[in-house]
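Trainee: On the provided structure of chain A, position chain B as indicated by the hints.
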Amino acid sequence: MDLFHTFFDWPSMWAVFPTLLSVGLVNTLILAGASTVIGIVIGMILAVMGISKSAWLRIPARIYTDIFRGLPAILTILLIGQGLASVGRSLWGPNPYPLGILALSLIAGAYIGEIFRAGILGVDKGQLDGCRAVGMSYAKAMRLVVIPQGVRRMLPALVNQFIGNVKDSSLVYFLGLLTSQRELFRIGQDAAVNTGNLSPLVMAGIFYLIITVPLTHLVNYIDRRLRRGRKITSVSSGLNELSELQDAELASISPQLLPEREAGATGTQTNPEIGSKA
Amino acid sequence: MSIASSVGAETRARYRGGQLDVIDLHMSFGPVEVLRGVSISVPAGSTTCVIGPSGSGKSTLLRCVNRLQEPTGGDLLLDGQSVLKTNPDRLRRRIGLVFQHFNLFPDHTAQQNVTLALRKVKGMSKESANAIALSRLAEVGLASRVDHRPASLSGGQQQRVAIARALAMEPEVMLFDEVTSALDPELVKGVLTLMEGLGKRGMTMVVVTHEMNFARRVADQVVFMDEGVVVESGTPADIFDNPQSTRLQRFLSEVL
Numbered sequence: 001m002d003l004f005h006t007f008f009d010w011p012s013m014w015a016v017f018p019t020l021l022s023v024g025l026v027n028t029l030i031l032a033g034a035s036t037v038i039g040i041v042i043g044m045i046l047a048v049m050g051i052s053k054s055a056w057l058r059i060p061a062r063i064y065t066d067i068f069r070g071l072p073a074i075l076t077i078l079l080i081g082q083g084l085a086s087v088g089r090s091l092w093g094p095n096p097y098p099l100g101i102l103a104l105s106l107i108a109g110a111y112i113g114e115i116f117r118a119g120i121l122g123v124d125k126g127q128l129d130g131c132r133a134v135g136m137s138y139a140k141a142m143r144l145v146v147i148p149q150g151v152r153r154m155l156p157a158l159v160n161q162f163i164g165n166v167k168d169s170s171l172v173y174f175l176g177l178l179t180s181q182r183e184l185f186r187i188g189q190d191a192a193v194n195t196g197n198l199s200p201l202v203m204a205g206i207f208y209l210i211i212t213v214p215l216t217h218l219v220n221y222i223d224r225r226l227r228r229g230r231k232i233t234s235v236s237s238g239l240n241e242l243s244e245l246q247d248a249e250l251a252s253i254s255p256q257l258l259p260e261r262e263a264g265a266t267g268t269q270t271n272p273e274i275g276s277k278a
Numbered sequence: 001m002s003i004a005s006s007v008g009a010e011t012r013a014r015y016r017g018g019q020l021d022v023i024d025l026h027m028s029f030g031p032v033e034v035l036r037g038v039s040i041s042v043p044a045g046s047t048t049c050v051i052g053p054s055g056s057g058k059s060t061l062l063r064c065v066n067r068l069q070e071p072t073g074g075d076l077l078l079d080g081q082s083v084l085k086t087n088p089d090r091l092r093r094r095i096g097l098v099f100q101h102f103n104l105f106p107d108h109t110a111q112q113n114v115t116l117a118l119r120k121v122k123g124m125s126k127e128s129a130n131a132i133a134l135s136r137l138a139e140v141g142l143a144s145r146v147d148h149r150p151a152s153l154s155g156g157q158q159q160r161v162a163i164a165r166a167l168a169m170e171p172e173v174m175l176f177d178e179v180t181s182a183l184d185p186e187l188v189k190g191v192l193t194l195m196e197g198l199g200k201r202g203m204t205m206v207v208v209t210h211e212m213n214f215a216r217r218v219a220d221q222v223v224f225m226d227e228g229v230v231v232e233s234g235t236p237a238d239i240f241d242n243p244q245s246t247r248l249q250r251f252l253s254e255v256l
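Those protein sequences? They're chains A and B, same order as listed.
Residues in the first sequence are numbered from 1 upward in steps of one, following the working numbering.
Residues in the second sequence are numbered from 1 upward in steps of one, following the working numbering.
The hints are simulated quantities; they were obtained by calculation from the structure and are not laboratory data.
Only a predicted model underlies this, so the values are computations on that prediction, with no experimental measurement involved.
Glycine residues also receive a C-beta, built at the ideal position from the N, C-alpha and C atoms.
Hints are not guaranteed to be accurate.
Claimed, not checked - Lysine-lysine pairs mimicking PhoX-like chemistry, simulated, CA-CA at most 20 Å apart:
1. A:Lys-140 to A:Lys-53
2. A:Lys-140 to B:Lys-126
3. B:Lys-120 to A:Lys-140
4. A:Lys-53 to A:Lys-125
5. B:Lys-200 to A:Lys-140
As the list claims (entries may be wrong) - Beyond 10 Å from chain A on every Cβ pair, some chain B residues (computed):
6. Val-32
7. Ser-39
8. Gly-55
9. Thr-86
10. His-101
11. Glu-139
12. His-210
13. Asp-226
14. Pro-236
15. Ser-245
16. Val-255
Stated by the list, open to error - Far from chain A, by Cβ distances over 12 Å, these chain B residues were calculated:
17. Ser-144
18. Leu-183
19. Glu-186
20. Asp-220
21. Asn-242
Next comes chain A alone, as it looks inside the complex (with noise of 0.2 Å):
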């Protein structure tokens, strides 16, 4: 029975619930969220440098990536959060918050950067080609083609690293924050230390749980709908084939003589000259 309370001790969890919520989750959600970007800006930089032609692109891109991906990240999150300090202190004043994002976003622009580069580099190479055939030139052909497919493959992936930052975000607390600035596992954890129990932090882990199994299952279930693909909507037989050709003939011949289904379309295309120079 001790040790029921030791765990979920009712009115120590529900004293903590409104702070957890009004400040912890925000600040979570804050932290994870802004590292998610930064990172993903980091990362889409280290892709491109990654994929490049040129060793002076890609071999900082490969240091980077393996310094990042190696460490810890509390020893990452020290590092920048205390070496920094004094920059930090001189450009926005005592406060280790942004250096926390700092060191979160560098961490997850490791990870980014692979993921994105491996989405890249998935996709097929007869995509570019098909761009390319058609006087796309290649920054086009990366950015209107390219890059959207790969970053579809790369949303299950990517939701998992939110989801990394948002359970890494509570080593910033190692960075000393302001009351204002505890994300949910400093608030659970001051106020286990407060009331000697450690039913504060299990509310806290609730509140982790809440945001990260919905995601779990959002990433399966994009991870499914992927793997699925699109539902064939229509099949036809190949014995058609030369029939809907025949039918195009005719229609540029005269209209008048093409089953109903095609004579609507195929009308407006009787113009006389293609293939003009211009």
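Mentor: Using the frame of chain A, we list chain B on its own:
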């Protein structure tokens, strides 16, 4: 088809194909020489079929002609003017290329596949791009399928969308890279018939193909390539009925 060839050919839109000259074209991937001096002349409005064993450099030749791959030597003339120094993106509007695997944009409808380049490369308004797309798709027999995505079209229909997409750019030359090789047998004829129609209506075409009957019936000129050079070229009758080189004789005995 009989209707189309007897009556339709005269009443339908005509193309103004350009003259294409490939002069001593070389292309290497690093130390590997894929094209070792290829020269082909394709008169305006004529059809040249390129045949040859795999690895002979046929596909590379096509990719070099519209500079998806930059040639490492030689020259390319379009209507008598060298196009190796011009902007490759602009050149590719004048030389269309259709691929074996279509390379359609899977998230776009047939119509959007055609309009994308019209809008983003030629900067057309939505209305004029749509109008062109509808007429090109009607021309390839897909007027009733403009809103379908590639996944719900047959391979033959997808390939015809790809041809419509290339035609919409109003090219002077069309290149076809084994465009029926990935198709089920019953779908091949539709695509070949369409190509034959384009040729009859004045398009300049270079067709890399394994369809020997098509080459024999439609080509004005047949070019046999092997190991990065043109081994033999001539009329279909020259090539198929009276092959000179042993390599061509061997090739024909394998494929016919």
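Trainee: Hints first: check each against the structure and report whether it holds.
Mentor: Verification of the hints:
1. A:Lys-140 to A:Lys-53: Since the Cα atoms of Lys-140 (chain A) and Lys-53 (chain A) sit roughly 18 Å apart, the hinted pair holds (cutoff 20 Å).
2. A:Lys-140 to B:Lys-126: holds (18 Å)
3. B:Lys-120 to A:Lys-140: Satisfied, since the Cα-Cα distance of roughly 8 Å is no more than 20 Å.
4. A:Lys-53 to A:Lys-125: holds (16 Å)
5. B:Lys-200 to A:Lys-140: Since the Cα atoms of Lys-200 (chain B) and Lys-140 (chain A) sit roughly 34 Å apart, the hinted pair is violated (cutoff 20 Å).
6. Val-32: holds (19 Å)
7. Ser-39: Correct as stated: the minimum Cβ-Cβ distance to chain A is 24 Å, above 10 Å.
8. Gly-55: holds (19 Å)
9. Thr-86: Thr-86 (chain B) is indeed farther than 10 Å from all Cβ atoms of chain A, at 12 Å.
10. His-101: Check fails; 5 Å does not lie beyond 10 Å.
11. Glu-139: violated (6 Å)
12. His-210: The assertion about His-210 (chain B) holds, with a minimum of 19 Å to chain A.
13. Asp-226: At roughly 25 Å from the nearest Cβ of chain A, Asp-226 (chain B) sits farther out than 10 Å, so the non-interface label holds.
14. Pro-236: Label holds. Min Cβ-Cβ 23 Å, cutoff 10 Å.
15. Ser-245: holds (32 Å)
16. Val-255: The claim holds: Val-255 (chain B) sits with its nearest Cβ about 24 Å from chain A, beyond 10 Å.
17. Ser-144: With a cut-off of 12 Å, Ser-144 (chain B) comes too close to chain A, as the shortest Cβ separation is near 6 Å.
18. Leu-183: violated (9 Å)
19. Glu-186: violated (4 Å)
20. Asp-220: holds (18 Å)
21. Asn-242: holds (33 Å)
The structure is inconsistent with the numbered hints 5, 10, 11, 17, 18, 19, although it conforms to all the rest.
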